[in-house]
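Based on the provided sequences and hints, a complete structural model is requested.
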Amino acid sequence: MADDVLFEFLHMEMVSHIYKDQASRGEMEKDRATCVSTLEGMGFRVGQGLIERFTKDSPSFKDDLDVMKFICKDFWINVFRKQIDNLRTNHQGTYVLQDNKFALLTQFSNGKQYLEEAPKYLAYSCGLVRGALSNLGMDCVVTAEVSLMPSCKFQVVIQKI
Amino acid sequence: MSRQSNRTTDSKKMNAELFTLTYGALVTQLCKDYENDEEVNKQLDKMGYNIGVRLIEDFLARSSVGRCQDFRETADVIAKVAFKMYLGITPSVTNWSPAGDEFSLIMESNPLVDFVELPDNHSSLVYSNLLCGVLRGALEMVQMAVDVKFSQDTLRGDNVTEIRMKFIKRIEENLPAGDE
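The listed protein sequences derive, respectively, from chains G and S.
According to my numbering, the residues represented by the first sequence are 1 to 161, in order.
According to my numbering, the residues represented by the second sequence are 1 to 180, in order.
To be clear, the hints were calculated from the coordinates, so they are not data collected in a lab.
Please note: incorrect hints may appear among the correct ones.
Under the rule of at most 27 Å between Cα atoms (straight-line distance), these lysine-lysine pairs were calculated in the DSSO-like manner [stated by the list, open to error]:
{"no.": "1", "chain 1": "S", "residue 1": "Lys-169", "chain 2": "G", "residue 2": "Lys-20"}
{"no.": "2", "chain 1": "G", "residue 1": "Lys-160", "chain 2": "G", "residue 2": "Lys-20"}
{"no.": "3", "chain 1": "S", "residue 1": "Lys-42", "chain 2": "S", "residue 2": "Lys-32"}
{"no.": "4", "chain 1": "S", "residue 1": "Lys-169", "chain 2": "S", "residue 2": "Lys-46"}
{"no.": "5", "chain 1": "S", "residue 1": "Lys-46", "chain 2": "S", "residue 2": "Lys-80"}
{"no.": "6", "chain 1": "G", "residue 1": "Lys-120", "chain 2": "S", "residue 2": "Lys-32"}
{"no.": "7", "chain 1": "G", "residue 1": "Lys-69", "chain 2": "G", "residue 2": "Lys-120"}
{"no.": "8", "chain 1": "S", "residue 1": "Lys-149", "chain 2": "G", "residue 2": "Lys-20"}
{"no.": "9", "chain 1": "S", "residue 1": "Lys-46", "chain 2": "S", "residue 2": "Lys-32"}
{"no.": "10", "chain 1": "G", "residue 1": "Lys-73", "chain 2": "G", "residue 2": "Lys-56"}
{"no.": "11", "chain 1": "G", "residue 1": "Lys-82", "chain 2": "G", "residue 2": "Lys-69"}
{"no.": "12", "chain 1": "S", "residue 1": "Lys-32", "chain 2": "G", "residue 2": "Lys-20"}
{"no.": "13", "chain 1": "S", "residue 1": "Lys-169", "chain 2": "S", "residue 2": "Lys-32"}
{"no.": "14", "chain 1": "S", "residue 1": "Lys-166", "chain 2": "S", "residue 2": "Lys-32"}
{"no.": "15", "chain 1": "G", "residue 1": "Lys-73", "chain 2": "G", "residue 2": "Lys-62"}
{"no.": "16", "chain 1": "G", "residue 1": "Lys-160", "chain 2": "G", "residue 2": "Lys-69"}
{"no.": "17", "chain 1": "S", "residue 1": "Lys-84", "chain 2": "G", "residue 2": "Lys-82"}
{"no.": "18", "chain 1": "S", "residue 1": "Lys-84", "chain 2": "S", "residue 2": "Lys-166"}
{"no.": "19", "chain 1": "G", "residue 1": "Lys-20", "chain 2": "S", "residue 2": "Lys-46"}
{"no.": "20", "chain 1": "G", "residue 1": "Lys-120", "chain 2": "S", "residue 2": "Lys-46"}
{"no.": "21", "chain 1": "G", "residue 1": "Lys-160", "chain 2": "G", "residue 2": "Lys-62"}
{"no.": "22", "chain 1": "S", "residue 1": "Lys-42", "chain 2": "G", "residue 2": "Lys-120"}
{"no.": "23", "chain 1": "G", "residue 1": "Lys-82", "chain 2": "G", "residue 2": "Lys-112"}
{"no.": "24", "chain 1": "G", "residue 1": "Lys-120", "chain 2": "G", "residue 2": "Lys-153"}
Coverage of chain G stretches by chain S, computed from C-beta distances (three or more under 8 Å per stretch; other residues unrestricted) [claimed, not checked]:
{"no.": "25", "stretch": "48-58"}
{"no.": "26", "stretch": "85-95"}
{"no.": "27", "stretch": "106-114"}
Partial pick of chain S residues on the chain G-facing surface, computed with a CB cut under 10 Å [claimed, not checked]:
{"no.": "28", "residue": "Thr-22"}
{"no.": "29", "residue": "Gln-29"}
{"no.": "30", "residue": "Met-47"}
{"no.": "31", "residue": "Glu-173"}
Since this is a predicted model, take the numbers as computed values, not measurements.
Each residue gets a CB set at the ideal place from its N, CA and C atoms; glycine is no exception.
Written out as structure tokens, the structure reads:
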């Protein structure tokens, strides 16, 4: 019922606040990494909670690929209102999810402008994916890269024990 | 067909949960960063203000509501259009002051506090303070200075959530010198 735009505004303000806050506490370089990990950590907890709500009535997944397909379709639709456009994998635990029109980047630019700022706005989403996968039993590392907005790629690397 | 519509209502509900959970993570992070509740309340209000000054544009674009004639009309628009549009609830507008410059928005349920419980050591935290900032920021962009605060909160044991809004003054548009 809450409008999608509310989340986008809140997310924008969150990123801005975390960065402003760290800057005011001094030490530039070190804190950029802290900001990203703070945002990612927030996303992680929210992702864990969300995936529980989404999947409580569904049957368990057959394998990792099934989980990734779920993330690309249902999860992405529920959170970002569209599906992932392209899923690639090397069948050895690495998946690349490509979203050609990522919801949180569409308002930024249609190309290379503001490219350096983009990673800040992807940290939370990486956390969301990592949290979701973690609660589905997959420990992984999620990173995002963007070379041409609003398209971006999320890389998921499953950690084998 | 009905399966399709189930999906849509489901996804709207899930979006609401995304917002609620994100807000929860934000408040938790703020509580970690700042030692006392007062500071957290202030930060929430500031962030809400920043959101409000942008949200008003989105609201006006979507709702095509015209200029309000008086504060009473403003109150109705806030309760019946804005809250409905963004949070899916319609608070009631009551407790008008005799001068007509102060009123209360009473919400039976507050979507921001789904799944939330306040621990004992945070008794003076105004969890939904972001809302106050949003209202303040949004109204400032339409030339109204208002004071907004929570006077009742279900998280702190009250029956309903009540936001008290007081009109302070009309902000005059100040054109910078040299503008035609």
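Okay, the hints, checked on the actual structure:
1. A hinted pair counts as satisfied when its Cα atoms are at most 27 Å apart, and Lys-169 of chain S with Lys-20 of chain G does not qualify at roughly 31 Å.
2. For the proposed pair Lys-160 of chain G and Lys-20 of chain G, the alpha carbon gap of about 37 Å is over 27 Å, so the pair is violated.
3. Our distance criterion of 27 Å between C-alpha atoms is met by Lys-42 of chain S and Lys-32 of chain S, whose separation comes to about 14 Å.
4. Taking the CA atoms of Lys-169 of chain S and Lys-46 of chain S, the gap is near 20 Å; set against the 27 Å cutoff, the hint holds.
5. For the proposed pair Lys-46 of chain S and Lys-80 of chain S, the alpha carbon gap of about 25 Å is at most 27 Å, so the pair holds.
6. Between the alpha carbons of Lys-120 of chain G and Lys-32 of chain S the distance comes to roughly 21 Å, so the proposed pair stays at or under 27 Å and holds.
7. Simply put, Lys-69 of chain G and Lys-120 of chain G have alpha-carbon atoms about 26 Å apart, close enough for the 27 Å limit, and the pair holds.
8. This hinted pair checks out: Lys-149 of chain S and Lys-20 of chain G have alpha carbons roughly 25 Å apart, not beyond 27 Å.
9. Proposed proximity of Lys-46 of chain S and Lys-32 of chain S is supported: the alpha carbons are some 17 Å apart, at most 27 Å.
10. Restraint check for Lys-73 of chain G and Lys-56 of chain G: satisfied, since their Cα atoms lie roughly 17 Å apart, inside the 27 Å limit.
11. This hinted pair checks out: Lys-82 of chain G and Lys-69 of chain G have alpha carbons roughly 13 Å apart, not beyond 27 Å.
12. For the given pair, Lys-32 of chain S sits about 16 Å from Lys-20 of chain G by alpha-carbon distance, which is consistent with the 27 Å threshold.
13. Our distance criterion of 27 Å between C-alpha atoms is broken by Lys-169 of chain S and Lys-32 of chain S, whose separation comes to about 36 Å.
14. The hinted pair formed by Lys-166 of chain S and Lys-32 of chain S fails the criterion: a straight-line CA distance of about 32 Å is larger than 27 Å.
15. For the suggested pair Lys-73 of chain G and Lys-62 of chain G, the alpha carbons sit about 16 Å apart, so the restraint of at most 27 Å is met.
16. For the hint linking Lys-160 of chain G to Lys-69 of chain G, the alpha-carbon distance of about 20 Å falls within 27 Å, and the restraint holds.
17. Under the criterion of a C-alpha separation no larger than 27 Å, the hint pairing Lys-84 of chain S with Lys-82 of chain G is consistent with the structure, at around 24 Å.
18. About 21 Å separates the Cα atoms of Lys-84 of chain S and Lys-166 of chain S, which keeps this hinted pair within 27 Å; it holds.
19. For the proposed pair Lys-20 of chain G and Lys-46 of chain S, the alpha carbon gap of about 12 Å is at most 27 Å, so the pair holds.
20. For a cut-off of 27 Å, the pair hint linking Lys-120 of chain G to Lys-46 of chain S stands: about 21 Å separates their Cα positions.
21. This hinted pair checks out: Lys-160 of chain G and Lys-62 of chain G have alpha carbons roughly 18 Å apart, not beyond 27 Å.
22. A distance of roughly 24 Å separates the Cα atoms of Lys-42 of chain S and Lys-120 of chain G; the hinted pair therefore holds under the 27 Å criterion.
23. Only pairs whose Cα atoms come within 27 Å are accepted, and Lys-82 of chain G paired with Lys-112 of chain G is accepted, the gap being roughly 23 Å.
24. For a cut-off of 27 Å, the pair hint linking Lys-120 of chain G to Lys-153 of chain G stands: about 14 Å separates their Cα positions.
25. Proximity of the stretch 48-58 of chain G to chain S, defined as three or more residues with a beta carbon under 8 Å from a beta carbon of that chain, is established by the 4 residues found.
26. With a cut-off of 8 Å between beta carbons, the stretch 85-95 of chain G has 0 residues touching chain S; three or more are needed, and the interface restraint is violated.
27. Under a criterion of three residues with beta carbons nearer than 8 Å to beta carbons of chain S, the stated coverage of the stretch 106-114 of chain G fails, only 0 such residues being counted.
28. For Thr-22 of chain S, the interface hint holds, the least distance from its beta-carbon to any beta-carbon of chain G being 6 Å, beneath 10 Å.
29. At a threshold of 10 Å, the smallest CB-CB gap from Gln-29 of chain S to chain G is about 6 Å, leaving the interface hint in force.
30. Proximity of Met-47 of chain S to chain G holds as hinted, the smallest CB-CB distance being about 5 Å (cut-off 10 Å).
31. Evaluation of the Glu-173 of chain S hint against chain G yields a violated restraint, the C-beta minimum of about 25 Å exceeding 10 Å.
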